[in-house]
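With the hints as constraints, model all of the structure from the sequences given.
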Amino acid sequence: MSDVIVVGAGVVGAACAYYAARAGLDVTVIDRGPVAGGTTGSGEGNVLVSDKEPGPELELAVLSNRLWRTLAGHGGFEFEAKGGLVVAETSEIQRRLVDLAAKQDVEHAVVPAGALRDYEPHLAPGLAGGVFYPQDAQVQPMLAAATLLKHGADKYGRGTLRLRLGVGVTGFIRSGERVTGVRTTHGDVLGGAVVNAAGTWGGEVAALAGVRLPVLPRRGFILVTEPLSEPLIRHKVYTAAYVTNVASDSAGLETSAVVEGTVAGTVLIGASRERVGFDRTTSVPVLARLAGQAVALFPVLRGVRVIRSYCGFRPYCPDHLPVIGADPRVPGLYHACGHEGAGIGLAPATGHLLAQVLSGARPDLDLSPFRPDRFPEEAS
Amino acid sequence: MTFAITVDGRSVPVVPGQTIGAALHAAGIRSWRATRFGARPRGLFCGIGVCFDCLISVNGRAPERACLVEAAPGDEVTTS
Amino acid sequence: MTDVVTDEARAGEGVTYDLVVVGGGPAGVAGALTAALAGLRVALVDSSARLGGQYFRHTAVPARAPGLDRFLRQARALSDRAEVLSRHQVWSVTREPDGDLLVHANSPEGGAVAVRGRRLLIATGAYDRPLPFPGWDLPGVLTAGGAQALLKGNGVVAGRRVVVSGTGPFLLPVATGLAAAGAKVLGVYEAGGGLGLARHPLLALGKAGEAAGYAVSLARHRVPYLTRHAVVEAHGEREVEAVTVARLGRRWNVLATRIVECDTVAVGYGFVPQIDLGVQLGCATRHDVDGSPILETDAAQRTTVPMVWAAGEPTGVGGWRLAEIEGRIAGRSIIAHRRAPGAGVEVAAGEVAGVLARRRDRWRAFGAALQQAYPVEPGWQGWLRDDTLVCRCEEVPLARIREAQELGATDARSIKLLARPGMGWCQGRICGYAVACLAGEPQQPPRRPIAQPVTLGALSDTDTPHDSAH
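Chains as they are written, first to last, in the numbering used here: chain V, 1 to 380; chain P, 1 to 80; chain Z, 1 to 470.
What the hints contain is simulated information worked out from the structure, not anything from laboratory work. All residues carry an ideal CB built from backbone N, CA and C; glycine is no exception. Worth double-checking, as some hints may not be accurate.
To be verified - Derived Cβ-Cβ restraints for the label pairs, each shown as a range:
#1 Z/PRO442 - V/GLY265: 27 to 37 Å
#2 Z/GLU261 - V/GLY265: 36 to 46 Å
#3 Z/GLN444 - V/LYS103: 45 to 55 Å
#4 V/GLY55 - Z/SER86: 54 to 64 Å
#5 Z/SER107 - P/PRO16: 44 to 54 Å
#6 Z/ASP387 - V/GLY265: 13 to 23 Å
#7 Z/GLU261 - P/PRO16: 27 to 37 Å
#8 V/ALA109 - P/PRO16: 54 to 64 Å
#9 V/THR185 - Z/VAL289: 24 to 34 Å
#10 Z/ARG70 - P/THR79: 33 to 43 Å
#11 V/GLY252 - Z/GLY440: 20 to 30 Å
#12 V/PRO54 - Z/ALA399: 41 to 51 Å
#13 V/PRO54 - Z/HIS287: 45 to 55 Å
#14 V/ARG234 - Z/LEU37: 57 to 67 Å
Below you can see the structure in the form of structure tokens.
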């Protein structure tokens, strides 16, 4: 019997397990697949503060940014603080970007049009300026998740972090109202608390416990270029439209240019957002739009070849905030899911805060904006 | 019946219809690229456009598969 | 509404072909020609400069080879009756809202081409399945098909002192071809078998003439043929200078070794059917006798996706004769479909009943028997060392794959995500089989939404409607 059962071995589940183990709790992590086989494995590894509106999510992002640096210090994966550059097509947009940056209250530098190429020599001419965020960073998400689980198991105590992969959760065990474990494809697992860290599939896990959690898949495609011998793009570069798209409620297709170089020499190009269920069919028109936007931002990319593409499903909640904390409707059930496209970035803070709740400590941040029962009961 | 291409300034004979990769291999040039991480030498491997080991720059263009590109008279090839 | 009316309605906005064929080998050419002879409007898209695929690959001035004359006549007949787009690399096939299929390709100049068709025939062939071993990335180590392509397509003998190794009947034509072209073939090391050339499965399967021909040729050039032997390591600084040849146990564990000096190695352990386009379109797949993912087809060579047919190696490796027959059957089925689009399986099957279907079934059984006779045994994993590269593109050694597994990567996909094998230029075509074996799972159908590299410029140009190539 464990103190805590974490359902989901993605980056959020790994962070929950790590911090819970660090807090002295016995943890069992269960996943129906391998480590990081869901949305974590389809992400770019963004650790961003730049794209968040001031408010609870930004606070979570700032805390997470600090925690990621510490975690990377333990080794096993790199925290690549490449910095993010948001660019504006018009002076009106630039004014809005500068206003937003002032309100965010995170480290940043306003970049006038004439100085953009000091940051990114290959940017298209005619942009109105931008804002540079030095804290924006990237981690290799699968490696980071796997490393957190390994460190959690190696460093904290008596083999108290157990990993059970290829084990699917099929139901909950209860004692009265209280959740006391999960039923799985490989037998029952008992625990004092169950953490739903099932990402895009978090709504399904919640439903097994009889509660509604409106987590929906929001599909995104990524293009990966050939490895370049010399890096053309130094930072994560995106247009202001990205911020509006992230915050949009539309089910229809939205795309904005997000372009970044990687240590492997490839350039990653995103980002598209559309709600089409779990459909993996490649949409060439979407890929074409991503390519067009990237080439518009960096004309030098026109002759660079895309060698592959993949898609993933962001766990989307209607108000774009994750679900973190105890579920008042089901004693013993906790949630840590619904981070949409920011799960990699927000994972450590999520795990840290949830571990505080699990061990009876007062969380460092107010969790009420993330409470699981904040959604109206009828389908949204 | 042959024409020439230049490889790093050196002249290599080509039978019409041969690929750049075949012409180089026939001339005893078996590697023309170094890998990104280990700087390991690479030339032809699959020979039919699948493995991308034989990437080469022809006339200053972005790297192409040497096993697929037919050589043309006067082509200039640079190895790395 | 008949297809003819549909075509005319489209005439103003560019050509819509009755059939687009991808692949210019025996299957593709047979299918395209069959349909074109019946009056269908056909386009064939192929990546090579000359039609032929792997088997009928030929030099600009063709040398003599069995069956080649006939194939070249077919290819010429096809060029007179259909649009043949050579040196076009297809990177995606998509379905338009009206049901038409768009075949997206790179033109030889690097531009974007989209060929529109009502129907598609996937005839994309197969490529060599290599196994990793220490030193396999040294220049001078080629796939067996690579050595063959040099010879047949370019007239270039791969080396002076050549070792041929691997498993399967394909090693025989490669070795005899090299020997006849003047190479000193130091040995054919067949990892499987155990019975020697005199008991070669080709004989058991009634191909006595073919097997005897190879045997005579190998004997004439004094080429030793050793079963239960394989190259397990290649040595050299800048290129291969010698190999370790091992005598193998039943599961391919190494029993004894010796060094053979050579300048070239040709290796092949069977073939990988190229099914990317079918997977893109959502065609159902299954595992062939040897475990390779292949496209599911019915008696009329139809895949499970409407208007999409497949022929040749993508439906199971079986050689050029089977490929050609399947291409012809697909062509007939496509003709029948155009005449009566609403007709069910019976009509389509009726079109292919009789002699063609019987011949196909015989060759299919022969192909399956050969696959069964030459399985890849797991002992090859013992040939690897920690620093042996498994993925050549991303330079991932065995040790990193084992680390990923220790970190919780329990399948090939998560190994790829953690350790990067298969993430490079070739998208796992070369290492995919090995990684699946190391993960202990059957090889999964490949997900390659972009099947060939395409420039961002060309990709973005597909956003606007395109005419066909002409």
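Here is how each hint holds up against the structure:
1. Z/PRO442 - V/GLY265: 27 to 37 Å: Since Z/PRO442 and V/GLY265 have Cβ atoms about 32 Å apart, the given range 27 to 37 Å holds.
2. Z/GLU261 - V/GLY265: 36 to 46 Å: Given a distance of about 37 Å, which is inside 36 to 46 Å, the answer is holds.
3. Z/GLN444 - V/LYS103: 45 to 55 Å: holds (48 Å)
4. V/GLY55 - Z/SER86: 54 to 64 Å: About 59 Å separates the Cβ atoms of V/GLY55 and Z/SER86, which means 54 to 64 Å holds.
5. Z/SER107 - P/PRO16: 44 to 54 Å: violated (22 Å)
6. Z/ASP387 - V/GLY265: 13 to 23 Å: holds (22 Å)
7. Z/GLU261 - P/PRO16: 27 to 37 Å: holds (35 Å)
8. V/ALA109 - P/PRO16: 54 to 64 Å: Roughly 59 Å apart at Cβ, these two residues keep to the hinted range, so it holds.
9. V/THR185 - Z/VAL289: 24 to 34 Å: The hinted range 24 to 34 Å holds for V/THR185 and Z/VAL289, with Cβ atoms some 30 Å apart.
10. Z/ARG70 - P/THR79: 33 to 43 Å: Hint holds: Cβ distance 41 Å, inside 33 to 43 Å.
11. V/GLY252 - Z/GLY440: 20 to 30 Å: With Cβ atoms ~42 Å apart, the hint is violated.
12. V/PRO54 - Z/ALA399: 41 to 51 Å: holds (46 Å)
13. V/PRO54 - Z/HIS287: 45 to 55 Å: Distance hint for V/PRO54, Z/HIS287 holds at roughly 54 Å.
14. V/ARG234 - Z/LEU37: 57 to 67 Å: holds (58 Å)
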